[in-house]
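Given the sequences, and given the hints that come with them, work out the whole structure.
Residue numbers (UniProt numbering), protein chains in the order written: chain A, 1 to 416; chain B, 1 to 95; chain C, 1 to 189; chain D, 1 to 981.
Just so you know, the hints here were simulated from the structure itself, not pulled from any lab data. Quick caveat, the model's predicted, so the values are computed rather than measured. The reader is advised that the hints may include incorrect statements.
Here are the computed distance ranges between Cβ atoms for each label pair [as the list claims (entries may be wrong)]: (1) Ala264/D / Pro157/A: 25 to 33 angstroms; (2) Ser700/D / Pro157/A: 53 to 61 angstroms; (3) Trp30/B / Val385/A: 33 to 41 angstroms; (4) Arg882/D / Trp30/B: 18 to 26 angstroms.
Every beta carbon over 12 angstroms from chain A, so not counted as near; a handful from chain B, in silico [unchecked claim]: (5) Leu8; (6) Leu83; (7) Gly92.
Backbone N, C-alpha and C fix where the C-beta goes; we use that ideal spot for every residue, glycine too.
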Amino acid sequence: MRYSALRILREGLTGNKGWKPVWREPDPKPDYDVIIIGGGGHGLATAYYLAKEFGVRNVAVLEKGWIGSGNVGRNTTIIRSNYMLPGNEHFYEMSLKLWEGLEQDFNYNAMVSQRSILNLFHSDAQRDAFVRRGNAMFLAGADAELADEAQLRRELPFLDFDNARFPIKGGLYQRRGGTVRHDAVAWGYARGADSRGVDIIQNCEVTGIDVENGVVRGVQTSRGPIRARKVAMCVAGSSGRVAALAGMRLPIESHVLQAFVSEGLKPVLPGVITFGAGHFYVSQSDKGGLVFGGDIDGYNTYAQRGNLPVVEDVAEGGMAIMPIIGRARLLRSWGGVMDMSMDGSPFIDKTHIDGLYFNGGWCYGGFKATPASGYCYAHLLARDVPHPVATEMRLDRFKRGHLIDEKGQGNQPNLH
Amino acid sequence: MIINHPLLGPRDAAEFVYLGDASLIDRPDWQDPDAAEKFYEYGYLRDNPAGQHQELWYHEQGDRSWLVVTRDTLSHEITKVELARDVAKARGRDK
Amino acid sequence: MADYSLISTPPLAGTDLRFGTCRITAPADLALVSLALPLGGEDAAQKAIAKAFGTALPDIGQSAAASDGSTTLLRLGIDQGFVMFTHATPDAERVVAAKLGGAAYTTDQTDVWCALDVTGPDCRRALERICPIDLHPDAFTIGSLARTTMEHLGVIVIRTDTDSFRLLSASSSAQSFLHAVETSFANVM
Amino acid sequence: MSQINRIDGGQIDRSKLLSFTFNGREMHGHPGDTLASALLANGQILVGRSFKYHRPRGILTAGSEEPNALVQLRSGARQEPNTRATVTELFDGLTATSQNHRGPLEFDLMAVTDFASPFLSAGFYYKTFMWPRAFWEKLYEPAIRSSAGLGRLSMQDDPDHYDKGFLHCDLLVIGAGPSGLAAALTAARSGARVILADEDFTPGGRLNSETLSVDNMAGADWARMAVAELASLPNVRLMTRTTVYGAYDHGTYGALERCTDHLADSGGKPRQVLWRIYSKRAVLAAGATERPIAFGNNDRPGVMMASAVRTYVNRFGVAPGKQVAVFTNNDDGWRTAADLAARGVSVVAIIDSRDKPAVCDVPGARHIRGAAVKDTVGRKALKSVTLTDGQVIPTDCLAVSGGWNPNVHLTCHQRGRPNWRDDLQAFVPGDSLPVGMQVAGAANGAMTLGAALAEGHAQAARQLDALGLTAKGSAPQAEDEPRDCAGFWHVKESAKRAWVDLQNDVTVKDIKQANREGFRSVELLKRYTTMGMATDQGKTSNIAGLAILAEDAGKPIPEVGTTIFRPPYTPIPIGALAGRARGKDFRPYRLTPSHKWASENGATFVEVGNWLRAQWYARPGEQGWRDSVDREALQTRQSVGICDVTTLGKIDIQGRDAAEFLNRVYSNAFLKLPVGKVRYGLMLREDGIAYDDGTTARMSENHYVMTTTTANAVLVFRRLEFARQCLWPGLDVHLISTTDGWAQFAVAGPNARNLLRKVVDEAHDLSNEGFPFMACGEVTVCGGMPARLFRISFSGELAYEVAVPARYGNSMMDVLMEAGREFDAVPYGTEALGVMRIEKGHAAGNELNGQTTALNLGLGGMVSQKKDCIGQTLSKRPEMNRDDAIRLVGFRPVDRSKKLIAGSHFITKGDEAIMDNDQGWMSSVAYSPSLGHSIGLGFIKRGHERMGEIVRAMSPVHDTEMEVEIVSAHFIDPEGDRLRG
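The following block contains the structure:
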């Protein structure tokens with residue numbers, strides 16, 4: 001069923017009774033060409049691109065709960081490609097370009113809204129680092145704009161310019177950055193994959209990975225065994241648990257990132273704003289809620305919840321940068337489990353087991369990567385070679401000493 | 001979270017700084033023939049269990065002791081708190 | 001050589017604030033010297049300390065007055081304590097080192113810290129606004145101490161009497177520290 | 001008398017009249033009123049508009065679960081959007097306005113959306129607004145955004161201030177209703193330290209709204225007595241206006257106390273206090289929330305919760321209607337009818353969905369059995385209801401009771417899931433409660449007063465037992481009222497839209513459509529329809545919504561499950577969560593010892609971490625900062641300059657094994673550093689990346705003083721403690737920070753020795769032989785003042801650092817300047833310091849950025865291969881030692897008049913300017929007054945082999961590029977003659 005204004009009109013006039021399921025609810029078949037473990041944004045995107053771009057349609061996406069129940073359903077919806085290092089920037093810029101055409105591509109309005117992202121800086125050293133970053137973005141074909149304090153005063157008069165502990169000296173914009181209605185991304189990809197023959201199987205937990213003589217044969221699930229030529233892990237947040245089924249230790253720790261939304265307000269913020277001297281970033285959803293967050297809690301956890309110190313730290317950052325939000329109320333807080341990798345950058349790679357693939361380590365930045373991650377993972381699964389923009393996202397890079405460490409924090413995941 | 005410090009009693013985890021898996025105590029020998037591999041595993045690979053986890057916390061806003069905390073990463077329940085120096089010594093790091 | 005002389009200007013000198021029946025003052029000429037117990041030499045150090053001050057280095061989280069009452073020993077960690085006494089000249093470390101004869105490592109901490117004495121019946125109600133430690137008299141008896149954090153500042157809090165506390169914090173952030181303590185009293189009084 | 005709906009009775013103080021305005025209309029109420037009760041008293045039925053369809057909305061509830069009656073409270077900078085009228089205490093002078101409408105509340109222009117509702121069904125926006133692509137951001141989205149949202153921020157800084165605090169207790173009792181009061185009394189009488197917190201301004205919970213008796217007294221009187229007893233006990237802290245909003249790990253709870261919100265003026269005190277409560281045990285006695293029933297046009301103003309109607313009548317002395325009808329599926333709804341009748345309010349009918357006899361006798365009311373309301377009439381105020389059998393009943397207030405949902409929220413904050421109880425037709429707390437928590441009363445499914453009181457007592461006794469205390473006293477006594485309830489969620493006969501989420505306009509049809517489209521998990525339902533995502537977090541809608549989903553999907557309710565309950569229980573102002581940390585108080589300031597001197601001598605300060613440092617010292621006549629900085633750098637190189645360098649971290653290291661320890665934490669050798677000498681040291685992270693650099697001085701055999709960079713002082717200390725305690729606990733080494741203890745000054749320049757000669761006491765030999773480069777020692781200055789002297793140089797000049805106890809630091813700055821007068825000594829700030837270090841090619845924060853190795857920095861030789869040190873092994877990994885690795889070198893513009901830009905990227909001449917050809921970047925730049933042009937440090941591939949090459953330095957963010965020449969990073973005195981002189 002193609003979605004359009006006309007379709008809405010027709011359905012509206014007939015009591016909205018003609019809408020069809022957005023995806024089927026098939027039972028698992030005995031075997032597939034590719035099994036994707038994880039029905040989150042990345043897994044569904046992988047299935048979508050496998051079917052659409054690489055002609056691989058005998059695919060199952062196995063989801064333990066409901067689709068989109070992982071981090072695609074609990075992030076702060078930001079998209080951007082303001083990275084600096086070659087191993088990252090091409091990839092994220094490809095992702096941003098895919099976002100820009102996504103809705104027409106999969107005929108679903110995910111509300112891709114390029115209302116800009118701004119990273120504030122507060123010292124000369126931070127400015128220098130942002131200039132370096134902005135220039136790297138340009139060299140990779142992305143957009144960047146350096147704004148001085150005077151420009152920001154004009155554009156964002158509500159920031160605390162005059163009484164701030166760490167004065168705002170300027171910022172780096174990426175005007176093409178912005179936000180996307182996160183759940184809709186999962187639904188749009190699911191719909192697109194399903195319509196191309198992919199089986200999306202919810203409430204199907206993978207409990208084992210079958211390996212014979214170093215070759216993957218399929219998976220054991222809560223709905224019985226399923227055979228497959230290739231098995232693709234795509235479970236960021238639970239990577240440690242799923243990889244353990246194949247006996248793998250990963251350069252990843254699981255951490256919780258809390259996120260927050262305020263009550264609905266009439267428009268306050270034009271785009272995404274990130275506070276460089278505190279731990280705070282914020283945007284406003286189309287519904288009017290201020291969506292904000294900060295640092296991860298910082299300790300290993302698989303519990304999708306955090307603790308008070310970080311809640312307060314984030315609010316402090318918010319009040320320090322924009323004291324107009326003092327009387328806005330926090331409505332809801334939640335936590336998502338992050339695959340925090342050892343250099344803050346992800347993995348899209350084969351494993352030491354033939355036919356078993358790994359996609360994870362997205363830290364708190366996986367949402368914006370969804371289209372490119374799906375595309376590149378599909379490329380790897382279909383052709384067994386990495387996509388040109390994802391050649392560095394290898395599991396063995398630490399052994400080789402090739403780090404993709406944007407923040408320069410080293411092998412301590414909770415600092416990335 | 002509350003960490004029941006073995007010397008000071010219960011303290012808010014906000015007083016502490018977290019480092020990571022207590023395997024970081026087991027720094028390999030630089031002269032081991034497999035030193036490169038062992039340091040790579042030491043530095044980069046983690047069990048990252050969903051369950052009992054031994055981990056290092058530093059009481060920075062307190063007595064400056066490093067602790068090994070045994071905590072469940074699913075429930076956050078803490079079952080044991082030890083001084084890291086005692087753990088390190090017990091693991092033979094007395095040199 | 002020209003005659004130059006240096007004038008002492010400790011950061012909180014002269015502080016004397018009143019909030020109802022409560023008072024915030026900065027003790028004058030407070031000297032602090034840290035003690036570190038040598039590994040393997042803990043017993044010898046303890047003996048030397050007991051001999052020098054007439055009292056043993058107390059348990060962690062406790063303070064003890066020296067036999068002559070002029071000095072207080074604070075036990076901050078497993079191998080660390082502070083000697084706190086009134087002493088105007090900048091040689092406190094030498095004074096303590098001389099008493100211990102090398103049995104413990106000593107470091108002058110006088111200028112690392114600034115101090116505030118807070119007294120009065122509403123002290124606890126005010127400190128409740130910044131101090132995460134339970135200062136209930138049953139939980140934090142006279143002589144108890146704790147090193148913790150208040151308003152992003154490291155602080156050592158010592159109960160000196162039923163309604164009296166001494167607070168030590170880093171000297172460089174003395175003004176922010178005073179502001180934090182003062183605001184707490186202003187907010188509850 | 002404007003309070004047309006005021007009746008006798010209630011807990012309001014009629015002796016005082018309070019004035020307030022709603023949408024500019026002046027009204028009156030009394031102390032004890034909420035804004036909602038006062039609005040009702042004044043006959044204001046229409047109070048707001050819904051989110052999506054802008055439907056007229058009236059007051060639904062009398063508590064914090066209110067979805068409809070949201071107002072903008074106060075005005076000016078204190079304007080507070082989305083404020084629930086139902087929990088806003090009335091004060092004299094209160095102003096409130098309705099929100100989310102264009103034009104007057106009564107004639108909202110946006111109400112046209114209601115007519116388009118067939119086309120705005122669940123998820124309609126995902127299916128359209130896609131063409132043409134550019135229209136989304138330019139047209140559709142702005143339109144959606146401006147009509148979305150509810151209230152408005154003032155866009156001014158919040159003028160109020162907030163505080164935080166920490167509380168400790170044996171037992172935290174959450175909720176001061178009957179079970180909470182019973183629990184608190186039992187615990188308090190037993191000597192436990194008790195905190196009793198309640199969100200209301202009058203403790204008592206439902207006792208204040210009911211006509212039930214406890215211990216043979218009126219319930220409200222009993223509550224007052226209990227509160228008085230608790231207030232008299234020293235071991236009890238009674239906190240009203242305090243919402244415990246979140247249950248966190250290990251017995252930690254978040255609570256918000258509203259201190260001055262009920263006052264016209266805060267009197268300068270904090271508006272609210274955010275408490276972190278550390279409890280050994282907790283009893284959750286949060287009560288229950290009555291739920292509506294969905295039927296056609298059930299959203300009209302005048303349709304209210306039955307319990308709320310009872311509250312307004314009993315507690316506030318307000319009759320929400322003149323001819324009230326009751327629609328119920330349970331016995332409790334009958335009490336509303338009975339109470340109203342007893343107070344003389346006319347009850348026209350009791351419509352009970354169950355076909356069972358009357359629960360009690362209600363004079364004047366028709367009992368209509370086995371029927372339901374299927375539609376209502378009255379756009380801005382209810383006029384009549386239509387029943388399933390077609391009969392129309394005129395009424396201006398329909399009291400609806402769909403049963404009660406226990407407030408299980410806090411039991412689920414740690415991911416516990418509630419259990420379904422068929423007998424209650426409700427979810428009750430599950431088996432996995434937060435550690436230390438027990439639940440009592442209605443929150444636990446004890447739905448009658450007698451049971452709630454008994455359970456409050458029993459749960460307190462259980463917790464006391466766990467605390468090692470013995471419970472004293474017995475449970476207060478009350479009768480158990482009838483409480484039968486049917487599972488009846490919506491009226492199937494309704495053809496009209498039936499609302500489930502009143503604020504977000506989610507109807508039964510939307511839920512059915514979501515199910516049809518495959519959004520069958522309750523979480524997907526929520527996300528697709530937005531049910532339960534409004535400001536009330538679905539307190540009145542979620543359970544009904546999932547029950548309807550279950551019915552539509554043919555599943556039992558427990559199989560559908562609930563969405564996740566997340567903190568906060570009720571919304572918390574962001575200002576309160578931040579507390580005092582805003583503006584200048586966001587983080588503490590650290591001041592250098594010479595701060596006062598600097599501020600009196602023209603310094604401009606800069607934030608360096610938490611430190612404020614002098615950036616430069618302007619002199620009269622200087623046109624800009626460059627004038628000052630150039631002068632300071634030049635004068636230092638020509639004569640002598642003085643800089644407060646106290647901010648560098650100082651760590652006192654003592655112990656028999658201190659040398660061995662240093663040898664393991666620094667990459668270069670430290671075992672053989674003689675006493676009286678300083679050595680430059682490089683520290684790596686264990687992953688082989690350069691971490692920090694500084695100097696360490698050996699003061700005596702077992703005593704070292706280490707300096708770190710300002711930025712890393714705390715981090716290096718932490719890492720050293722890790723090495724000491726976790727890696728090598730067998731070493732005798734002790735660490736203590738002395739950063740703040742010593743005021744340390746760099747005295748640099750050809751006249752540095754001459755200047756210091758005047759300050760350092762004569763006994764000390766400062767000659768080049770007596771105190772050579774890299775010497776250190778304890779000295780005295782100014783006639784006996786103990787000091788430390790280090791002959792180290794960051795500027796590349798003959799230089800010393802001299803340290804005195806910090807309390808003498810301000811005076812020391814004075815003395816040094818006075819002694820330097822004959823040399824025209826200058827104080828210099830961080831800018832000149834930076835200029836001089838770039839001139840000397842020293843790496844600083846921009847180079848030690850956590851991404852660079854010793855090799856990259858040109859310090860590869862400092863990583864000893866003869867010993868172990870932190871980072872040694874991993875620094876040898878192949879890709880960190882590539883031939884084409886970046887190297888730190890110097891740069892100068894080919895056109896010397898040009899200004900280099902830090903952050904520029906290098907492209908080899910002739911190559912296309914794309915990332916694949918990126919050769920490196922410029923890390924630091926400065927104008928060198930000594931050289932008369934701009935200079936820079938930067939990393940470029942194989943830089944050390946490319947001296948003299950000209951490359952492009954590109955800064956597209958500045959829309960500029962220039963040619964630069966690769967040169968040695970040592971711009972000045974490359975041989976280092978000056979610093980050894």
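Next on the checklist: When the structure is checked against the list of hints, which entries are broken? Sort them ascending.
Outcome noted: none
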